[in-house]
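Start from chain A and add chain B according to the hints.
Here the protein sequences line up with chains A and B, keeping their order. Going by the working numbering, the first sequence opens with residue 1, and the numbers climb by one from there. Going by the working numbering, the second sequence opens with residue 1001, and the numbers climb by one from there.
Rather than coming from a laboratory, the hints here were simulated on the basis of the structure. It is possible that part of the hints are untrue.
[As the list claims (entries may be wrong)] Residues on chain A that point at chain B, a partial pick, calculated with CB under 7 Å:
no., residue
1, M115
2, Y116
3, L177
4, P178
5, P181
6, T244
7, D246
8, T247
9, Q261
No residue lacks a Cβ here, since even glycine has one placed at the ideal position from N, Cα and C.
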Amino acid sequence: MKSPLSYSISPGEMCLTLVSMIVGVGVLTLPRALASEINLADGWISIILAGAIIILFIILYVRLQQHFPGETLLEYIGKGKVWKWIARGISLLFLIYFLCLMAYEVRVLALLIRMYLLDQTPSEVIAALMLLCTTYAVSKGTQGIVHLSLMFLPIVVFVLLGLISFTTIKADFTNLLPVMPEGVLPVLAATKVTLLSFLGIEILFFLMARMKKSEIKVFPLITGIMLVALLYLLVTVVTYANFTVDTTTQITFPTVELAKQLEIPGGFFERLESLMITVWLITIFNTISIVQLIFVQLFQKSFMKENAKANYIPMISIFFIFIVAFIPDSITETFMFGEWISWLGTSLYVFSLGCGYLYFWMRKKKNEKEEYYS
Amino acid sequence: MKKFMLIFVLLLLSLTGCWDRAELEEVGFVIGIAFDPNPDNPKTFDTTFHIAVPSAFSGGGPEGDSGEGSPFFNITSTGVTNFNMIRDISKRRSRSLNFEHLKVIVINEELARQAFITGVLDLYTRDHEMRRKTHVLVSKGEAKEVYMDKLPLEDMPAISIEMINENYTKALEMIETRDIGTISEKMTANQSYLISGVNKEHREDMNISGAALMKGEDNKMITWLNEEDIKGYNWVMGEAKNGIVEATVDDKESFIFEILSHATNVNYERQNDQNIFNVLIKTEGTFSESWIPGLEINNLETIKKMEQILSKKIENQATSLIKKMQEEWYCDIFYFGPLIKRKEYQYWKQIKEDWEGEAGIFKEANVQVNVEVKISHYMTQEKTS
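Excised from the complex, chain B in its bound form:
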């Protein structure tokens, strides 16, 4: 028995070593990644890693040593595969890269147009360190540009982007955040999808709006959708959470409708070889700002009139996007296809392959949009004097 005890004690001693020790001070946390095409060699691409310097975070240190140096640094590497570039950084900087806190991936528009996204997402969904919640954006212009300048309030530009991205409920011009997980879902299902665009026109400013339209069959970006389109998209998808609608009375005075609740119901029916989609947009909100002189908003008639103006406007936004998709780009970004799959599975199996595309069936689908707007209250002011 004594012998055994001895062996156990020896085992304990030899097993206490930690193979996987990683000191926090020895790891470089990558918060953002940007992909750009390489100007010299079109076969390779540039990856920019946006790495946190925690000691320079404001309010981070106990001595309040903020302001000493930049709270982040960017480093760019060139190559044809992701992992190779990650390891390339190990040759050049002291700390090995860690992706557990990766928040944002920004892809240059030019790369997005080349089905580049499949390759990127492969590593970032395959590796266990990466999370499926990482946001993905497409940039107009250079992608690494977005990580260059610190924006006010947050320590790192990538964190700013992530937080701006999560404001999508407030702005009707933004789509719901797309993370790696959702994109890989769309990719495996061969569906067309949107990715938010990030736009950096001036230094010290950034703008997330519009979206890149990705075609389902080859994952190539085909065009940008502008802010007006995104509004329509949000209405059809039922994602206009808390945005506002600016409308005018007789093309003159403006007023604002703030959305409080919104739901869209899409009903699919197959009649006489026609695919009929009934899109019913229901929304309720408040009358929040008025530039109309002498408006008596507590009058039912007036409210009716306002509601009519609004529903017209919303209907226009939705139908114009649907039309654009059907006639110009032939992409079903509204997931009408899966709706058919749910209701008419046998029929869907036949047409699955030619649902989208120029000669596709989606193009011929009959989509009807109905809007019901309700102004439920008008805040604390009854009359504009």
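For reference, chain A alone in the conformation it holds in the complex:
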């Protein structure tokens, strides 16, 4: 599992990996989640707000990371005596979180494919094939995964932008009015939902360790988040403009339905949702493979001896992912599962960031004391 040590992630690569990590199943359901949360068209404002909050989170973390280049957050914390155990605890939670996240993504993917593309193929087969593919990708190490993301992301963004621009033709943007009729509170309530769809930033804790010290910068990451926010914003606005807010609350996968709505003039193309879902497969593949990579590396570092053989971990991990993926019985349970995972992820991010800062502060104090006595 050792990738060449000479490889380090450049800032641009980091930014794009982050984008392809964040854009996952979230964008398929985001317009509905927003619409049914507040029943107003103000969801787009909260996307901007959530984007700003996420940027703040990232700035905070990057500031911290600059103090320990070449190490992951948990490795950094794990140097203290008591902290070692806290770091272990956090990494265990992260492992559970990543496992559930992969399971969730794979389950939604299987559901979607079953619903729109192949209604006879068993979901289990689709999920298994997906996981086998990502496992192969993981065997190529960090460099391989990062480069896969770089390769696929343009396709995804291109198709999504195409979808958005073609569906604006028949859109009625007055559906977005009135703006903030009930004041700021609903916008804040919706921000909660939107924050969850920005999850994936926790990969920074692990991947930024592979960056050179001089290259740990905030700006490229902010650009990435802005790109994601822009995509979310456009998708939501166009969905509302096409379907009205009231109808959006009724549609399970508004973004796919948007693709179904689309007819290229001339009737040359129909059934564009197949294309859309195929592209979606790519993003979900990206997300899962990034998470799986981190999962495997984290497991190795926290719970295995230095030189132990780790070839079999990815394969064992997919076995558990597969089982967890099919625990929820229905689509409603799956979405509920997704919500729990999101909350787990958010709290983990905030908690580990807090721990990081606390540890940093204590060490600084200690160093000052030592300097004082010497």
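The following block gives chain B in isolation, referenced to the frame of chain A:
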């Protein structure tokens, strides 16, 4: 490693089977659906599926085997739910039904009057095979009748209906096509809406005009709007794309005004507890046909006069429909309600529930119609000799 390779090869072999294989020749494409009440049992209804026979399409086959048999067939099933009837066809005909190319749904007027549309649209928006672009129409008389006879030029009656329906820009008597998507939008928003009517008086002929007025609160059809009403509707909604207006000078000689561009601006104001809607209809077009002897159309005076006649006429069409809606049917089909929602949200929240209806506020609204007509040119003839 060799073992692994072997496993992979075996996997490849076992995974190449296609679960979802559906041969084109084994699928029956449903192009149109008609819903009729069942004469024997009022609790059930009849669904007629209008299925394509591609091999009999004209110019379809390489050997030019057109004319051999009908390019479509209709099959009717009776039941209380849609899906049950779809599966019922599987028992009776060789090919399973596929709805991906469904173009038209026609609902019998009698069913439309019973809030039937909610049930129909449920399956047809829920299922992934159906598209939101499928046209919906209400028929005067038997719905399945419209699929019986092939009309000239197109292979299937449903395709003819779809294409006629898309001619709405040319005829002022037709409303913009209503598809399942728009209707479900109106349904979730509890708005009243119109659905085009299809009328088959004689065999070999069809007519799409007029519209069924659906009440927002219960999705029941309450009445038909005639062609004159639809003209007014198109003016108020800004949908008179490329229609024509026939007007007369002093009730004698007729002339035609062809609309080239049209926009309607509705302005809402709330003054002294009164809801005031200012409807400004602006249109520009050409003077296209004249039966007036000795008319000098290149004269500014004459044009002014023509414009006045036209604006009077358009104003009449619009106001008479608005009046009808306010005084007779109490339905806000012009979406004035959402306009209030946009401008006076707090006020709208209070009155939302009693906007329409007999004791509603819509009835009391003050609607003013202003029309600006411009004859921009008169084609190539200046004088009628």
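Cross-check of the supplied hints:
Contact between M115 (chain A) and chain B, as hinted, is supported at the beta carbon level, the nearest pair being about 5 Å apart and thus within 7 Å. Interface restraint check for Y116 (chain A): the shortest CB-CB distance to chain B comes to about 5 Å, inside 7 Å, so the restraint holds. Taken as an interface hint, L177 (chain A) checks out: its beta carbon lies about 4 Å from the nearest beta carbon of chain B, inside 7 Å. With a cut of 7 Å, the hint placing P178 (chain A) at the interface with chain B holds, because the nearest CB-to-CB distance is about 5 Å.
With its C-beta approaching chain B no nearer than about 3 Å, P181 (chain A) sits inside the 7 Å limit, and its interface hint holds. For T244 (chain A), the suggested interface contact is upheld, since its CB lies about 5 Å from the closest CB of chain B, less than 7 Å. Annotation: interface hint on D246 (chain A) holds; nearest CB of chain B at approximately 4 Å, less than 7 Å. Contact between T247 (chain A) and chain B, as hinted, is supported at the beta carbon level, the nearest pair being about 5 Å apart and thus within 7 Å.
Using the Cβ-Cβ criterion of 7 Å, the hint placing Q261 (chain A) at the interface with chain B is satisfied: the shortest such distance is roughly 6 Å.
No hint from the list above goes unmet by this structure.
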